[in-house]
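Each chain, written out:
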Amino acid sequence: MRETFTKSMARNIYYGGAVFFLLVLIGLTVDTVGRVSKTDNMQNMTEQVAAGKRLWEINDCIGCHTLLGEGAYFAPELGNVYTRFGESTDAIKGFIKSRPKGGIPGRRSMPQFNFTDEQLEEIAQFLKYVDGIQIARDWPPNVKG
Amino acid sequence: MKYKSQSIAKLYFIAAIGLFVGQILFGVTLGLQYVMGDFLFPAIPFNVARMVHTNLLIVWLLFGFMGAAYYLVPEESERELFAPWLAKIMFWIFLVAGALTILGYLLVPYAALAEMTMNDLLPTMGREFLEQPTITKLGIVVVALAFLFNIGMTILTGRKTVISLVLLTGLVGLAVFFLFSFYLPDNLVLDKYFWWFVVHLWVEGVWELIMASMLAFVLIKVTGVDREMIEKWLYIIIAMALISGLLGTGHHFFWIGTPGYWQWIGSIFSAIEPVPFFMMTLFAFNVVNKRRRDHPNKAAVLWALGTAVMAFLGAGVWGFLHTLAPVNYYTHGTQITAAHGHMAFYGAYVMVVLTMISYAMPIINGRQANNEKSQVMEMWSFWLMTVSMVFITLFLTGAGILQVYLQRYSDTPLDFMVVQEKVELFYWLREIAGLIFLIGLLVYVYSFFVKGKEVEMVEATA
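Protein sequence lines, in the order shown, are assigned to chains G and F.
Just add 3 to the spot in the first sequence (first one is 1) and you have this note's numbering.
Just add 1354 to the spot in the second sequence (first one is 1) and you have this note's numbering.
For reference, chain G alone in the conformation it holds in the complex (with noise of 0.2 angstroms):
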């Protein structure tokens, strides 16, 4: 770089550069937070969707599965799973309770976790809610997720 260009000048660029957009990020961080209540479902939150939600964290389901196309991308898109499933949340638990234990051979499985008819609910409820989440241009572009 050219002797006109100073370390001072470096320097400034730096701090002033990081201090001004950190300040952009939070301002807008505020704005979101403000504006997401037309979008986040939360008049649709119940004790028991909190509940399935944190059944949904504490058996790591996002290890396997994505969720609004977060998470591992090793099982199918979940955020959808609700409309990809008739709408129906029997077809959920359906699907979760009927999982083989052992697994299925040569093919990937989810394992059967044992859940009772209140968890199975309350995990069914969860993915009801998430599915009413408002999402941008309704990603994802198709049913399949």
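Each hint should be verified, as a subset may be incorrect.
Claimed, not checked - Computed beta-carbon distance windows for the label pairs:
#1 105/G x 1807/F: 54 to 60 angstroms
#2 22/G x 1807/F: 48 to 54 angstroms
#3 29/G x 1499/F: 20 to 26 angstroms
To be clear, the hints were calculated from the coordinates, so they are not data collected in a lab.
Note that CB positions come from ideal geometry on N, CA and C, so glycine has one too.
With chain G's structure known, arrange chain F on it following the hints.
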């Protein structure tokens, strides 16, 4: 080695390499599970193996960063480490906590681990990369605070250089942003939004500061180029990293229920994110070309140049490939993401830690550089790992393009699992590349034990 306490880095580096081997063993296991779905099922299901793979990566990189800091900071500050005993204690605490956590993942079901560690008191478990039990997270905070205190006091009571201050800023940022891992609301949109404050602001933010300062340190040492020039480069690189990276966080806010303006902000700023990585490439080659000495540690120079190139390819090029919102609409959460993740982490953070180890370990062991045979072996491992990572990335990209087309783009989209079977060939090829990576890593470990004729430094006439 100028200061005795720098040798503490050796402990950290050895642990880092050991955990790296563990990470890759689980990596090839995961690769096999992609094509042989019942492999190790139900003993070690995919999600458990993946947790081990990603958590080991994070932990060993943290060991690498800490070791690098313990080596670099005394030398830059021109004084011994403030409290060497604290660095040793924290090493063992971190290693034991890390090992117990990994054993917890492997030995009991994750839900049982959550119950054992009383996750209900302060739920933080079950999010990607932040799977650690709450108590482990608290442990990480304690270790990080003790580490920052130690490094901070050394820097503040010694000579302050741009390199050490930038490193300190990066490390403080790392600790501060980790605190967002304790925020886990019921609202999934906010949950995801703030999850990125750890994940993105680490790897596309403050970690770049850590990386750039480590690279700058090694380049000063191996080239003898004037510090003024290196510091100017360092400032401008990290300036671009933060200017692009802070708002670049927006590229994660396209499809999680956040406002539509993020599609514009995220696309524009993340499109600039390759710039600091490209500048790092220019920087490294520029400085090596202007070198005033031929350092006998050729392997370290190779790692430094390799880091600059591979970070640009993995983080810069493969990141840009799917970062624009209209493209990401199709590629979000596919094998394209996996491809980018692999080469970016390897190119930027794995390689910069290996650069630092390559430069510092011989000196800690009392010589300028390793003997020639050992260096040749190390350079073989460089090429084996780097080339196989390029192929892992290309095969995953191939799988990803097909997946996007078959599952999302064509007029007759297919089911997820149907598509996975159709792209199986690419997963097999990726697994072969992964096995070659493992061989490269074993060659790397072996290079530390190769004996031969010692080499000496030749000063060029400046």
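Comparing the hints with the structure gives:
The hint said 54 to 60 angstroms for the Cβ distance between residue 105/G and residue 1807/F, and at roughly 57 angstroms that hint holds. Under the hint 48 to 54 angstroms, the C-beta atoms of residue 22/G and residue 1807/F, about 53 angstroms apart, fit the expected range. Restraint check, residue 29/G to residue 1499/F: a C-beta distance of roughly 24 angstroms satisfies the suggested window 20 to 26 angstroms.
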